[in-house]
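*Asks:* Sequence:
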Amino acid sequence: METVIIRRGSGYSDCTAFNGFTVIASPLPNRDDRVFGNVTYASHAVQLAADEYGDLFVLLQHGGGRLVVRFRPPSDGGATKEALIAMPERVLYAVLYALVTTAERADAVARRETQAEWAQAYCDGRIKKSRAKQGSRRVEIIPAAGVASLPLHA
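My numbering numbers the first residue of the sequence shown as 1 and each following residue consecutively.
Just so you know, not all the hints are guaranteed correct.
To be verified - Within a straight-line C-alpha distance of at most 20 Å, the following computed EDC-like cross-link-like pairs (lysine to aspartate or glutamate) qualify:
#, residue 1, residue 2
1, LYS81, GLU117
2, LYS129, GLU117
3, LYS133, GLU117
4, LYS129, GLU140
5, LYS128, GLU117
6, LYS81, ASP51
7, LYS128, GLU89
Please keep in mind that the hints were generated in silico from the structure rather than gathered at the bench.
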């Protein structure tokens, strides 16, 4: 499974969540410009960034801290990156904010579903634990009535 939200940070001065990224675009850097209709996003600063491998990232900083969301553009020779950079600032801000919001909601749904699956397996007595081997322990859910399950390593 590939994680989309790759880092979270406190947002304090010693936070290193944004280290290692090159900022490509910083739409609407002025807080007062982040008003859409009657809704203000003044506390949410987003930036488009890249790493040395060509992956694109959205860096979000708000009152709750920092968040880094990765998205991999298609192998198009940088056309996606150039199209994003060419967007008007307000549109780019809205697109980047929508990507972050979607990633956060998907993460929350996945966490709830995983928690519910493990809670049900615990109630049914279907959790299998192995002995520790080389410092790691294998924990898995025994499938219920023919349902496949993937093992997790703890």
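*Asks:* Are the hints correct? Go through all of them and say.
*Replies:* These are the hints, each one checked on the structure:
1. Of the supplied pair hints, the one linking LYS81 and GLU117 is violated, its CA atoms being roughly 38 Å apart against a limit of 20 Å.
2. Between the alpha carbons of LYS129 and GLU117 the distance comes to roughly 16 Å, so the proposed pair stays at or under 20 Å and holds.
3. At most 20 Å may separate the alpha-carbon atoms for a hinted pair to count; LYS133 and GLU117 exceed this at roughly 26 Å.
4. Under the criterion of a C-alpha separation no larger than 20 Å, the hint pairing LYS129 with GLU140 is consistent with the structure, at around 7 Å.
5. A distance of roughly 14 Å separates the Cα atoms of LYS128 and GLU117; the hinted pair therefore holds under the 20 Å criterion.
6. Between the alpha carbons of LYS81 and ASP51 the distance comes to roughly 12 Å, so the proposed pair stays at or under 20 Å and holds.
7. Under the criterion of a C-alpha separation no larger than 20 Å, the hint pairing LYS128 with GLU89 is inconsistent with the structure, at around 52 Å.
Violated hints for the displayed structure, listed by number in ascending order: 1, 3, 7.
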